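*Asks:* Keeping the supplied structure of chain A fixed, place chain B upon it in accordance with the hints.
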Amino acid sequence: MTIATVEASADHGAVCIRLCGEIDLGNVSTVEEQIYAAVSGRPIVVLVVSVDLTNLTYIDSVGTRLLFDLASHLRRLRIALKLIAPFESPARRLIQFSGLDFLHANRRCRKRRHWYYHSYTAGLK
Amino acid sequence: MEEQIRAAVSGQRTVVSVDLADVSYIDSTGKRLLFDLALLLQESHIVLEVIVPFDSPIRRLIELSGLQSIAAVILVHRAESSRVGPVELVLPAQPWALKNIRHTLRRWLSGVGASPRVVDDVLIAVGEACTNVVDHAYGTEGGTVNVHVEFQGPDVVATIADTGQWGKPAVGNRGRGTLFMRHCSDDLRIDHGPTGTTVVIRRHLIEEGT
Chain A
1 MTIATVEASA DHGAVCIRLC GEIDLGNVST VEEQIYAAVS GRPIVVLVVS VDLTNLTYID
61 SVGTRLLFDL ASHLRRLRIA LKLIAPFESP ARRLIQFSGL DFLHANRRCR KRRHWYYHSY
121 TAGLK
Chain B
1 MEEQIRAAVS GQRTVVSVDL ADVSYIDSTG KRLLFDLALL LQESHIVLEV IVPFDSPIRR
61 LIELSGLQSI AAVILVHRAE SSRVGPVELV LPAQPWALKN IRHTLRRWLS GVGASPRVVD
121 DVLIAVGEAC TNVVDHAYGT EGGTVNVHVE FQGPDVVATI ADTGQWGKPA VGNRGRGTLF
181 MRHCSDDLRI DHGPTGTTVV IRRHLIEEGT
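Going down the list, the protein sequences come from chains A and B. For the record, in the first sequence the residue sitting at position 120 is 120 according to this note's numbering, with numbers rising by one throughout. For the record, in the second sequence the residue sitting at position 33 is 33 according to this note's numbering, with numbers rising by one throughout.
Next comes chain A alone, as it looks inside the complex (with noise of 0.2 Å):
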């Protein structure tokens, strides 16, 4: 079985999550369920939910799918999606070239070796 592990932390409207490891066909909808779990039953109403994909060693197209997914759900929810990608990592190369242009960088986060993304929502952009 492929492993990941899915770190969940939240601080206010504010959700963390760690992905670590690998996301493939064999645990991609295990992943799934976590993320999901960490996102709702929140106390609080989460206005920002942020996936770190640091420690991702291993994604293809199952696990930017889930990605997207979220982001269409979040964007529904009206909860601003970031994704945290170094650059030259797998996770953020697949992320370039599915052209997503429903997100967008922050230039000001380059310097940190690191993008984040934002779906547009009414509440946050």
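Since no wrong hints were added, every one of them can be taken at face value.
Just so you have them, the derived chain A footprint on chain B, three or more residues with Cβ under 8 Å:
1. 95-102
2. 118-128
3. 178-184
To be clear, the hints were calculated from the coordinates, so they are not data collected in a lab. Note that the coordinates shown come from a computational prediction; the quantities given were computed from them, not determined experimentally. All C-beta atoms, glycine included, are put in the ideal place defined by N, C-alpha and C.
*Replies:* Just chain B now, with coordinates in the frame of chain A:
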């Protein structure tokens, strides 16, 4: 011998490799032992890898035994050769096998001196091709996926083959798989034939301009 193997694999493990490089003969009781071990490990979600050199006298026996439908059979070049030889994996077309394919490819790619970028690219391209096999090639009866990787001139060449009949091409969300394969390779050929599908991925080992 069975007892010794069972004792060796007890405890927390995810993969057990049995190296048959120095085994020159195996009969039906030996094959039975490997089958029993694969099934025993499967109950604990442990994968059995069986390593057999290409020129081994027992290669044909292992191939004909059908072991590759329940365990990962890895065919390797003999270690004494200085040049890194090809590696071939035959595995059940099951989601769990994807991780084993990556594990073997990582080892092989580090042996040929691939950069992290090239490793990522080859893993993604091969991973997408294998995911397609797992998803589309076979019906409920299942089948195997065959991955052959070798170094040819400046390129790493990976060939992924199945013997299934694809129900329908990957479209929609999973259609990104082919896009990623193209981005991660220098040349990509996909051949859907009546007896199966073959995908050939070429990736320069050394990146241009670096």
